[in-house]
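Trainee: The primary structure of each chain is shown beneath.
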Amino acid sequence: MIKKVAGPLVVAEVEGARKGDLIRLGKKRLIGEVVELRGDLASVQVYEETSGLKVGDEAVNTGSPLSVELAPGMVGAIFDGIQRPLKDIMKASGFFIARGIDVPAVARDKKWSFVPSVKEGDHVGPGDIIGSVQETPLILHKIMVPSGISGKVESINPGAFTIEETIAVVGGKKLSMLQKWPVRKRRAIKEKNPSAVPLVTGQRIIDSFFPIAKGGAACVPGPFGAGKTVIQHQMAKWSDADLIVFVGCGERGNEMTDVLKEFPELKDPKSGRPLLEKTILIANTSNMPIAAREASVYTGAAIAEYFRDMGYNVAMMADSTSRWAEALREMSGRLEEMPGEEGYPAYLGSRLADFYERSGCGKCEGKPEREGSLTIIGSVSPPGGDLSEPVVQNTLRVTKVFWALDEALAHKRHFPSINWLRSYSLYLANLSPYLRKEVAEDIDEVREESLKLLAQEAELEEIVRLVGVESISPKEQLVLFASKMIREDFLYQSAFDPVDQYSSLKKQYHMLKAIKEFFVRASIAIEDGVDLELIKSSSIVEKIAKARFLDDASVAELPGLAASLIGALRSGGRHE
Amino acid sequence: MNRIKISEITGPLMLVEGVSGVSYDELVEIKLKSGDTRLGKVLEISADKALVQVFEGTEGLDIKTVSLAFKGRSLELSVSPDMTGRIFSGLGHPLDGAPELIPTKRLDVNGLPINPYARDYPNDFIQTGISTIDGLNTLSRGQKLPIFSASGLPHSRLAAQIAHQAKVRGKEESFAVVFGAMGITYEEAEFFISGFRRTGAIENSVLYINLASDPAIERIATPRLALTAAEYLAFEEGMHVLVILTDMTNYCESLREVSAARREVPGRRGYPGYLYTDLATLYERAGRIKDQPGSITLIPILTMPDDDKTHPIPDLTGYITEGQIILSRELERKGIYPPIDPLPSLSRLRDKAIGEGRTRDDHASIANQLFASYSRGREVRELVVILGEAALSETDRKYLEFAGAFESDFIGQSENEARTIEETLDLSWRLLRILPREELKRIKSELIEKYENKS
Ligand SMILES: Nc1ncnc2c1ncn2[C@@H]1O[C@H](COP(=O)(O)OP(=O)(O)OP(=O)(O)O)[C@@H](O)[C@H]1O
Ligand SMILES: [Mg+2]
Chain A
1 MIKKVAGPLV VAEVEGARKG DLIRLGKKRL IGEVVELRGD LASVQVYEET
51 SGLKVGDEAV NTGSPLSVEL APGMVGAIFD GIQRPLKDIM KASGFFIARG
101 IDVPAVARDK KWSFVPSVKE GDHVGPGDII GSVQETPLIL HKIMVPSGIS
151 GKVESINPGA FTIEETIAVV GGKKLSMLQK WPVRKRRAIK EKNPSAVPLV
201 TGQRIIDSFF PIAKGGAACV PGPFGAGKTV IQHQMAKWSD ADLIVFVGCG
251 ERGNEMTDVL KEFPELKDPK SGRPLLEKTI LIANTSNMPI AAREASVYTG
301 AAIAEYFRDM GYNVAMMADS TSRWAEALRE MSGRLEEMPG EEGYPAYLGS
351 RLADFYERSG CGKCEGKPER EGSLTIIGSV SPPGGDLSEP VVQNTLRVTK
401 VFWALDEALA HKRHFPSINW LRSYSLYLAN LSPYLRKEVA EDIDEVREES
451 LKLLAQEAEL EEIVRLVGVE SISPKEQLVL FASKMIREDF LYQSAFDPVD
501 QYSSLKKQYH MLKAIKEFFV RASIAIEDGV DLELIKSSSI VEKIAKARFL
551 DDASVAELPG LAASLIGALR SGGRHE
Chain B
1 MNRIKISEIT GPLMLVEGVS GVSYDELVEI KLKSGDTRLG KVLEISADKA
51 LVQVFEGTEG LDIKTVSLAF KGRSLELSVS PDMTGRIFSG LGHPLDGAPE
101 LIPTKRLDVN GLPINPYARD YPNDFIQTGI STIDGLNTLS RGQKLPIFSA
151 SGLPHSRLAA QIAHQAKVRG KEESFAVVFG AMGITYEEAE FFISGFRRTG
201 AIENSVLYIN LASDPAIERI ATPRLALTAA EYLAFEEGMH VLVILTDMTN
251 YCESLREVSA ARREVPGRRG YPGYLYTDLA TLYERAGRIK DQPGSITLIP
301 ILTMPDDDKT HPIPDLTGYI TEGQIILSRE LERKGIYPPI DPLPSLSRLR
351 DKAIGEGRTR DDHASIANQL FASYSRGREV RELVVILGEA ALSETDRKYL
401 EFAGAFESDF IGQSENEART IEETLDLSWR LLRILPREEL KRIKSELIEK
451 YENKS
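Those protein sequences? They're chains A and B, same order as listed.
For the first sequence, position 124 (counting from the first letter as 1) is numbered 124 according to this note's numbering, and the numbering increases by one without interruption.
For the second sequence, position 300 (counting from the first letter as 1) is numbered 300 according to this note's numbering, and the numbering increases by one without interruption.
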């Protein structure tokens with residue numbers, strides 16, 4: 001029975017309540033979760049707007065924790081923070097989300113064609129793949145034995161089944177394609193290896209300067225409008241993950257609409273198929289109930305881990321983890337817990353660490369042997385853009401990639417506005433063997449020299465600001481010119497241009513290598529007394545500026561061209 | 001009901017004991033001995049106690065003689081197709097001398113969240129006639145785009161100009177303006193009302209006015225009334241609704257007052273930790289819905305305390321809205337109207353609302369180029385302060401000239417000048433001609449050839 005209602009927090013007397021139990025409240029049977037127990041009273045965070053609840057209203061214990069349903073039918077769908085399917089909710093309640101709607105997460109009536117991969121008499125255990133369903137042209141949904149079940153396959157049949165129908169009998173237990181998993185519980189992975197393969201995103205500053213490994217974790221903080229969402233959308237569109245889970249956590253409704261509208265039309269660069277065939281969306285927008293926002297990142301992680309366990313490379317984006325942290329703070333405040341820094345609860349850091357720990361790469365549970373990975377990219381929205389605040393700081397402690405978005409760059413419309421001097425990736429050493437083998441032997445040197453040029457530029461800019469450009473040497477002026485090329489012709493990348501929005505690793509390398517060749521040859525030329533203006537007017541400069549819009553083969557010619565064109569310049573002579 | 005008793009009155013709150021069957025968020029009618037009634041809503045219930053927030057304030061209430069009626073529903077707004085042309089108080093009482101509205105419906109002012117799946121992406125270009133908006137930070141139908149202003153800057157004039165000039169070209173559709181005023185001065189309110197009267201826009205407008213002299217807590221209800229009216233007109237009557245809310249800073253201060261009275265743990269600068277969520281439940285009510293004729297475009301206005309963009313009110317607003325239009329004191333001092341600083345301003349929906357078939361094929365490139373060039377021009381201007389103009393290179397001198405011309409001719413325009421998008425773009429080409437051609441890196445050469453000599 002309800003004793004108290006304060007916003008999203010309800011205190012109630014509940015039969016046999018355990019921490020984590022799902023509770024149904026009031027006539028509308030609103031969904032909540034026990035977050036604290038004190039004597040006979042349970043504090044319940046409610047996943048729906050609580051207006052209308054009364055003292056004395058019913059509080060019924062369902063006896064099970066908040067769980068996701070895992071079965072064919074999730075890919076291409078859009079769910080709210082507690083995995084309610086928004087499309088079906090619209091059918092049930094119209095354009096606005098009414099309260100107390102009960103619809104199953106995954107459709108019960110659809111039949112899927114199941115193909116077994118084990119035989120009667122085989123011995124199977126948890127995680128073993130017993131068959132599959134072609135869920136979308138891009139995703140082969142592998143059906144795994146749920147945890148806690150093992151034994152001999154007594155029967156298994158191919159055919160069309162709904163997710164609740166029995167597809168096999170194992171050790172006397174009937175198995176269907178539907179499993180449940182408590183969202184807050186991490187799904188185990190065997191042998192978490194350090195990842196040596198990058199998640200290729202097609203975004204030049206990321207792949208070439210600050211790459212993320214498959215199975216890694218990245219933090220993207222920045223003030224409003226700096227470009228966090230666009231970067232995450234770009235990664236969802238172009239990265240070479242097998243499956244994308246995009247969690248819109250307390251952000252804008254239209255950003256979800258954007259994905260829903262674009263992804264069926266955009267083509268996956270690898271397969272040419274519509275992107276929505278490999279995407280799952282979780283949308284708990286800022287105006288939706290705050291407790292469900294807190295749950296949304298876990299819902300996303302549980303689904304992502306499930307697909308990882310099939311042996312896929314999964315990438316999950318959480319936009320924005322600050323809104324998740326604020327939901328945590330809000331509930332903590334209502335529970336009258338002792339506030340820590342900026343009012344956040346003292347356990348903020350450990351919750352964040354738990355969350356990012358769900359990323360990783362390694363051997364999956366069960367047979368046949370397979371590897372999967374889960375990469376997590378979380379955006380952070382610090383108040384006033386101040387990176388010293390607790391959510392950013394606690395996130396940086398557990399993520400190895402830091403893409404620092406810079407407001408000044410965003411105001412200049414330099415996108416992506418990732419600051420090249422402050423960002424870092426701690427995966428570089430791990431990824432180097434792969435990159436040297438797959439892209440180019442000297443890829444590390446090219447990157448390092450480019451970054452060095454940019455660092456020199458920053459120092460020189462200081463000097464120029466004080467004493468003017470005429471007072472620095474031609475060689476230093478060349479540094480300024482070449483680093484400007486890196487910034488404007490390489491790092492600047494429009495998310496809205498059909499060609500520019502994605503660059504292959506090879507193309508990226510050749511663009512950067514061309515600038516490096518230009519710089520090296522031009523330095524020699526300047527030593528030989530060639531006029532800087534002559535170098536600047538070489539046709540290679542314009543060609544490099546256009547490289548963004550060229551195909552891979554044309555860009556591959558640029559480094560050689562740069563070397564020969566600039567190398568041919570002679571002092572006092574005319575160019576070309 | 002006799003057992004009900006008020007045990008405490010603090011700030012805008014009232015603690016009531018001995019209640020039963022009261023629900024969270026319920027509306028309360030408070031009858032004073034004088035016969036006056038006030039409205040309140042239940043903020044918290046616990047056992048037989050209810051915490052009630054009184055919209056008109058608790059001034060003059062006493063513990064003994066007041067009687068309470070719990071209404072069994074939330075605060076509601078009466079709506080009807082006849083509501084346009086009317087002026088109401090911040091709590092929805094008629095202020096125009098005309099009788100109470102005969103409602104066809106009563107709607108909960110809290111509304112419900114729009115299902116993200118039901119949304120349609122806003123990409124219909126709205127021509128406001130203002131170059132810095134149309135050209136650089138384009139507004140779309142269904143967008144929420146706030147104006148960040150500061151005391152003494154002409155945000156009201158700008159908002160009124162947008163309200164009068166805004167149109168979607170080539171379409172004659174029914175439209176309405178909903179105006180919600182929170183704690184503004186009588187003069188400011190008069191400025192809007194007389195403007196609406198003069199242009200005849202009043203016929204298509206609904207106004208909810210809470211003045212600076214009106215109860216502060218009422219301001220928490222006002223934007224909700226305005227948005228509920230807007231939802232009704234847009235999604236039930238199929239109109240395109242422009243909502244102007246001013247001044248959101250006053251709204252937030254009222255929230256802070258309630259939060260302080262509840263002794264909640266304060267967030268930044270004393271504002272409650274849930275300010276983001278609270279603002280989001282207002283701003284996210286803007287939008288379009290699939291296959292529905294109407295839309296809600298929202299322009300909230302706020303004044304940045306101390307001109308500080310990182311203050312929680314503008315900061316959290318910017319994190320929710322789809323961009324922001326920022327007014328600059330520096331431009332205002334130079335006598336430039338509207339003093340919109342394009343660099344920190346942003347419209348996130350611009351790129352999907354412009355281009356061939358929507359505005360013009362050169363629009364995106366022009367906008368990117370203007371941003372880059374103006375921002376370079378401003379950097380050069382800073383260099384001049386330290387080094388003097390003599391130290392500038394030839395190119396930088398051009399940038400300096402460009403920045404000046406851009407401010408006076410592009411940003412600056414008169415209060416009743418409505419430029420078409422073509423005029424804005426042609427003007428841009430004229431200004432860009434100041435710069436050497438090789439500096440126009442953001443524009444593809446085909447476009448340069450196509451437009452360079454045309455304007
Ligand atoms: N790579 C890009 N190319 C072109 N434009 C970009 C790019 N990245 C960002 N932008 C521009 O910046 C705007 C803001 O970006 P975005 O919405 O990603 O910001 P954000 O950091 O997520 O802000 P918030 O915290 O408020 O959600 C975009 O709408 C777009 O106009
Ligand atoms: Mg964002």
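Hints in this document: simulated from the structure, not taken from any laboratory.
Beta carbons: idealized from backbone N, C-alpha and C, even for Gly.
Hints are supplied without guarantee of correctness; some may be wrong.
Some chain B residues close to chain A (C-beta under 10 Å, calculated; not the full set) [to be verified]:
| hint | residue |
| --- | --- |
| 1 | Leu-15 |
| 2 | Val-19 |
| 3 | Asp-25 |
| 4 | Gly-111 |
| 5 | Ile-114 |
With a straight-line Cα cutoff of 20 Å, these simulated SDA-like cross-link-like pairs (lysine to any residue) come out [what the hints assert, rightly or not]:
| hint | chain 1 | residue 1 | chain 2 | residue 2 |
| --- | --- | --- | --- | --- |
| 6 | B | Lys-290 | A | Lys-546 |
| 7 | B | Lys-290 | A | Phe-96 |
| 8 | A | Lys-452 | A | Ser-473 |
| 9 | A | Lys-3 | B | Gly-72 |
| 10 | A | Lys-546 | B | Gly-72 |
| 11 | B | Lys-441 | B | Gly-355 |
| 12 | A | Lys-3 | B | Gly-355 |
| 13 | B | Lys-444 | A | Pro-498 |
Trainee: Confirm or reject each hint.
Mentor: Hint check results:
Evaluation of the Leu-15/B hint against chain A yields a violated restraint, the C-beta minimum of about 13 Å exceeding 10 Å. With a least beta-carbon distance of about 8 Å to chain A, the hint placing Val-19/B at the interface is held under the 10 Å criterion. Given the 10 Å rule on beta carbons, the hint for Asp-25/B holds: about 3 Å separates it from the nearest Cβ of chain A. For Gly-111/B, the shortest C-beta to C-beta distance to chain A is roughly 7 Å, which falls under 10 Å, so the interface hint holds.
Using the Cβ-Cβ criterion of 10 Å, the hint placing Ile-114/B at the interface with chain A is satisfied: the shortest such distance is roughly 6 Å. Between Lys-290/B and Lys-546/A the CA atoms are separated by roughly 40 Å; this puts the pair beyond 20 Å, and the hint is violated. Among the hinted pairs, Lys-290/B with Phe-96/A is consistent with the structure: their alpha-carbon atoms are about 12 Å apart, no more than 20 Å. Restraint check for Lys-452/A and Ser-473/A: the C-alpha separation of about 18 Å stays at or below 20 Å, so the hint holds.
The suggested pairing of Lys-3/A with Gly-72/B holds, with an alpha-carbon distance near 18 Å, which does not exceed 20 Å. Distance check on the hinted pair: Lys-546/A and Gly-72/B sit about 67 Å apart at the alpha-carbon level, beyond 20 Å; violated. Between Lys-441/B and Gly-355/B the CA atoms are separated by roughly 18 Å; this keeps the pair inside 20 Å, and the hint holds. Under the criterion of a C-alpha separation no larger than 20 Å, the hint pairing Lys-3/A with Gly-355/B is inconsistent with the structure, at around 58 Å.
Restraint check for Lys-444/B and Pro-498/A: the C-alpha separation of about 14 Å stays at or below 20 Å, so the hint holds.
When held up to the earlier numbered hints, the structure conflicts with 1, 6, 10, 12 and fits the remainder.
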